[in-house]
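Novice: These protein sequence lines are chains A and B, in that order. Just so you know, my numbering puts 20 at position 20 of the first sequence, and the rest follows in order with no gaps. Just so you know, my numbering puts 81 at position 81 of the second sequence, and the rest follows in order with no gaps.
Note that these hints are calculated values from the structure, not bench results. Do not take every clue at face value.
[As the list claims (entries may be wrong)] Once the Cα atoms are required to be at most 25 Å apart in a straight line, the calculated SDA-like pairs of lysine to any residue come out as:
#, chain 1, residue 1, chain 2, residue 2
1, B, 96, B, 38
2, A, 146, B, 96
3, A, 167, B, 2
4, B, 23, A, 165
5, A, 146, B, 35
6, A, 167, A, 53
7, B, 23, A, 39
8, A, 146, B, 76
9, B, 23, B, 93
10, B, 2, B, 16
11, A, 167, A, 183
12, A, 167, A, 56
13, A, 167, B, 16
14, B, 23, B, 62
15, A, 167, B, 55
16, A, 167, B, 66
17, A, 167, B, 31
18, A, 167, B, 73
19, A, 167, B, 62
[As the list claims (entries may be wrong)] To give a feel for the contact side, a few chain B residues facing chain A, derived at Cβ under 10 Å:
#, residue
20, 11
21, 13
22, 14
23, 34
24, 52
25, 73
26, 74
27, 76
28, 78
29, 79
30, 80
Even glycine gets a Cβ: it sits at the ideal position worked out from N, Cα and C.
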Amino acid sequence: MANNLLDPVILFFVLGLTAGILRSDLRLPEALYETLSIYLLVTIGLKGGVQLAESDPSGVIVPALLSILLGIVIPPIGYVILRRLGRFGQADAAAVAAHYGSVSVVTFAVALTYLDRLQVFYEAYVTTLLVILEIPGIAVGILIAKLGTSRGELKLGRLIHELFLGKSIFLLLGGLIVGYVSGPEGMAQVSPLFFNLFRGALAFFLLEMGIVTARRLSDLRRVGPFLVGFGIIMPLFNAGLGIAVGLLAGLSVGGITVLATLAASASYIAATAAMRVAVPEANPTLYLTASLGITFPFNIIVGIPIYYWAAQLVRGVGG
Amino acid sequence: MKRVMVTIVTESVLERQLTEELKQLGVHGYTVTEARGEGSRGVRAAEWEYSSNIRVETICDEQVAGAILAHVSRTYYANYAMIAFTHEVEVMRPEKF
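This is chain B alone, in the form it adopts within the complex (with noise of 0.2 Å):
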């Protein structure tokens, strides 16, 4: 069964409002890990304590993955270093998510 992963890779100042907000969009679960790397924020990736990144990850389907793109970048991409993508993944249990 299809399914969308929608990954989103940003500051983990964020991780609390981020993920209340994936709720309220519908999703059922998600998998926050820390996260390092370098991108094009680089200038404004703030290193320091607080400020490390976080990748947050998610599996739902297609109508509330769109959601979710167009909340963050309307929300967030302006100030926060952040990205987001999705891809399909195939999963066993479609209920679940």
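Here chain A stands alone, though its shape is the one from the complex (with noise of 0.2 Å):
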């Protein structure tokens, strides 16, 4: 874990985590906030998609099935928790569950440099996990939310949009798409930009991602100690369901650190633009804080060296 602190990417973390509390005046102009989040999103895409075609795509389906299963039973989870135990409202629980049934790309983005540093093996199509898992828990999310109250129509077309052609899911397909189909050698031409870029890349854009969550630390009084509560041990839990999924499938510890990574990561752009237009009486402070306040940097510093331990861990019990 220590190790993992030493990380470039997460330094550049703690650096604009540490430049948000003291209140510097750093920020990344928005443009090139956006071009990054974009060369991300895509070349996690394309790598996928290279991975994809140089294996056998059809063991992908039974992890993928079980990974939608995991999508589904993950928000109903949060929502009991955080109605019965947080005696939260009905539209707040079902906003917050879903974003954690929903995955952070930029989380799962950091897992997979962690074991590609260690170089450790992990599936070619953890990529298409990836793109499976952003929308059942959302889905599941509004429907929770919509359960029980009759008012307020929900427009669908507006939320399908939104859902499947917002900019994540959108460039994550087709950049799956492009790598796939051009293959390692069409991808050769390319690589220099979306390859050999993309830790630099990552460590800068975490830099910005550090400065927006030392914002919402301010927030953390306001949501109550049950919440950041909620925030670290939901994850850990969600990853023992990860765990237990990515055994069950047959994946390797990597498979199985990257699977409980995403079972455990909590969306915060797509969810959250979701969760907006469908449940718009939900306070969004409280979504945001938990995601993006308390889980995503838990995640990034301690959970994946605790889920990539007890991968090993499993893996090494069960054979």
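The task is to assemble the complex, starting from two chains supplied on their own in separate frames and drawing on the hints.
Specialist: Written out as structure tokens, the structure reads:
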């Protein structure tokens, strides 16, 4: 874990966090931030596509189905905990739960660079699992929010548009297809831009994420200790589910680590946009502070090493 | 010639929906700019990614302005960070508005 803290990617995050906490005037220009996020999404997609092209894609079916199941069961669990123990309102509980059902692409990218650095093998189709896991959690969260509340019709067309044509899914899926179709030889032409620069770009992006996260920290007091605890316990619990599913799907140690990270991560882009449209009565401060202010830093700093350690443990015990 | 300018400051997630509704309510044009600031809804102001703020301005006659205010207060005031206000403006080419 101490080793993870010395990773430049993580150090850049801490740097951004420090700048934000100390109220430095540092901010990446919005255009650069946008460019970096597009770059990261496309690259993650491309990388996944090339890996898929190089392997037998039929192996993805069982892990994919199990991942969908994971995306479907996580939100109701979170919802019940928030309702019963946290005494949250229905809309707030459902919206927060939906964020935990969906995934964080940046957390995923950090997990992959973590494994790459340790030279741990992971399955070629993990990026496909990422894309698959983005949507179901959000859909289930919206369903929970809408069950029981008759008021407020759901603008389904706009929501579907938001979900599938939102920047993140579109670029990930698009990159995946381009990478798959053009294959490793085709990708060789663009690899200096997309693959060689990836870690540097990720580090830069995390600098901005640190600044944004620091801004959420001031809301911690407002959301109360329960949600802070939830933001740490829930990812650990979900990672446990991810590890169980990964073991069931027969993934490698690296694959299990990635799936655990995906299960543990909470969305703060796709789910947030969808919740604002579908469940406007839910308070954004709650879900943004939980997913971005607590769970995101927890996962990238201590979560991923823990999930890797646990994956080694279960794989070791299971043979 | 007098016309009314309606200014709406709100979450950028509403941009597409809101501008479509403005057209349905009879405005002939509008201007959207990115906006920053702080208000009573600080609590619910989501300032991340899709949740930056916009300022939508449109110039129209008094009747349309009234319809816009009635519509946005009914539809958005409860759940979204939004303020809307009007003021009278002098225009050169009234037929444009």
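Novice: Hints first: check each against the structure and report whether it holds.
Specialist: We went through each hint and held it up to the structure:
1. About 33 Å separates the Cα atoms of residue 96/B and residue 38/B, which puts this hinted pair outside 25 Å; it is violated.
2. With a CA separation close to 43 Å, the supplied pair residue 146/A and residue 96/B exceeds the 25 Å bound.
3. This hinted pair does not check out: residue 167/A and residue 2/B have alpha carbons roughly 42 Å apart, beyond 25 Å.
4. Distance check on the hinted pair: residue 23/B and residue 165/A sit about 24 Å apart at the alpha-carbon level, within 25 Å; holds.
5. The suggested pairing of residue 146/A with residue 35/B is violated, with an alpha-carbon distance near 32 Å, which exceeds 25 Å.
6. A hinted pair counts as satisfied when its Cα atoms are at most 25 Å apart, and residue 167/A with residue 53/A qualifies at roughly 24 Å.
7. The suggested pairing of residue 23/B with residue 39/A is violated, with an alpha-carbon distance near 35 Å, which exceeds 25 Å.
8. For the proposed pair residue 146/A and residue 76/B, the alpha carbon gap of about 18 Å is at most 25 Å, so the pair holds.
9. With a CA separation close to 19 Å, the supplied pair residue 23/B and residue 93/B stays within the 25 Å bound.
10. For a cut-off of 25 Å, the pair hint linking residue 2/B to residue 16/B is broken: about 28 Å separates their Cα positions.
11. Note on residue 167/A and residue 183/A: the hinted pairing holds, with a Cα-Cα distance of about 23 Å set against a maximum of 25 Å.
12. A threshold of 25 Å between alpha carbons decides the hint, and for residue 167/A with residue 56/A the separation of about 28 Å lies outside it, so the pair is violated.
13. For the proposed pair residue 167/A and residue 16/B, the alpha carbon gap of about 15 Å is at most 25 Å, so the pair holds.
14. The straight-line distance between the Cα atoms of residue 23/B and residue 62/B is roughly 15 Å, inside the 25 Å bound, and the hint therefore holds.
15. Between residue 167/A and residue 55/B, the direct Cα distance comes to roughly 23 Å. Compliance with the 25 Å bound is thereby established for this hinted pair.
16. Restraint check: the Cα-Cα separation between residue 167/A and residue 66/B comes to about 36 Å, which exceeds 25 Å; the hinted pair is violated.
17. As the CA atoms of residue 167/A and residue 31/B are separated by approximately 24 Å, the hinted pair is consistent with the 25 Å bound.
18. Distance hint between residue 167/A and residue 73/B is unfulfilled; the C-alpha atoms sit about 30 Å from each other, more than 25 Å.
19. A threshold of 25 Å between alpha carbons decides the hint, and for residue 167/A with residue 62/B the separation of about 39 Å lies outside it, so the pair is violated.
20. For residue 11/B, the shortest C-beta to C-beta distance to chain A is roughly 7 Å, which falls under 10 Å, so the interface hint holds.
21. Residue-level restraint check for residue 13/B holds (minimum Cβ-Cβ distance to chain A is 5 Å; threshold 10 Å).
22. For the restraint placing residue 14/B at the interface with chain A, the shortest Cβ-Cβ distance is roughly 9 Å, inside the 10 Å limit, so the hint holds.
23. For the restraint placing residue 34/B at the interface with chain A, the shortest Cβ-Cβ distance is roughly 8 Å, inside the 10 Å limit, so the hint holds.
24. Evaluation of the residue 52/B hint against chain A yields a held restraint, the C-beta minimum of about 8 Å falling below 10 Å.
25. Checking residue 73/B against chain A by beta carbon gives a least distance of about 15 Å; that is not within 10 Å, so the hint is violated.
26. For residue 74/B, the interface hint is violated, the least distance from its beta-carbon to any beta-carbon of chain A being 13 Å, above 10 Å.
27. Given hint, residue 76/B at the interface with chain A, holds; its Cβ is 8 Å from that chain's nearest Cβ, closer than 10 Å.
28. Given the 10 Å rule on beta carbons, the hint for residue 78/B holds: about 7 Å separates it from the nearest Cβ of chain A.
29. For the restraint placing residue 79/B at the interface with chain A, the shortest Cβ-Cβ distance is roughly 4 Å, inside the 10 Å limit, so the hint holds.
30. At a threshold of 10 Å, the smallest CB-CB gap from residue 80/B to chain A is about 6 Å, leaving the interface hint in force.
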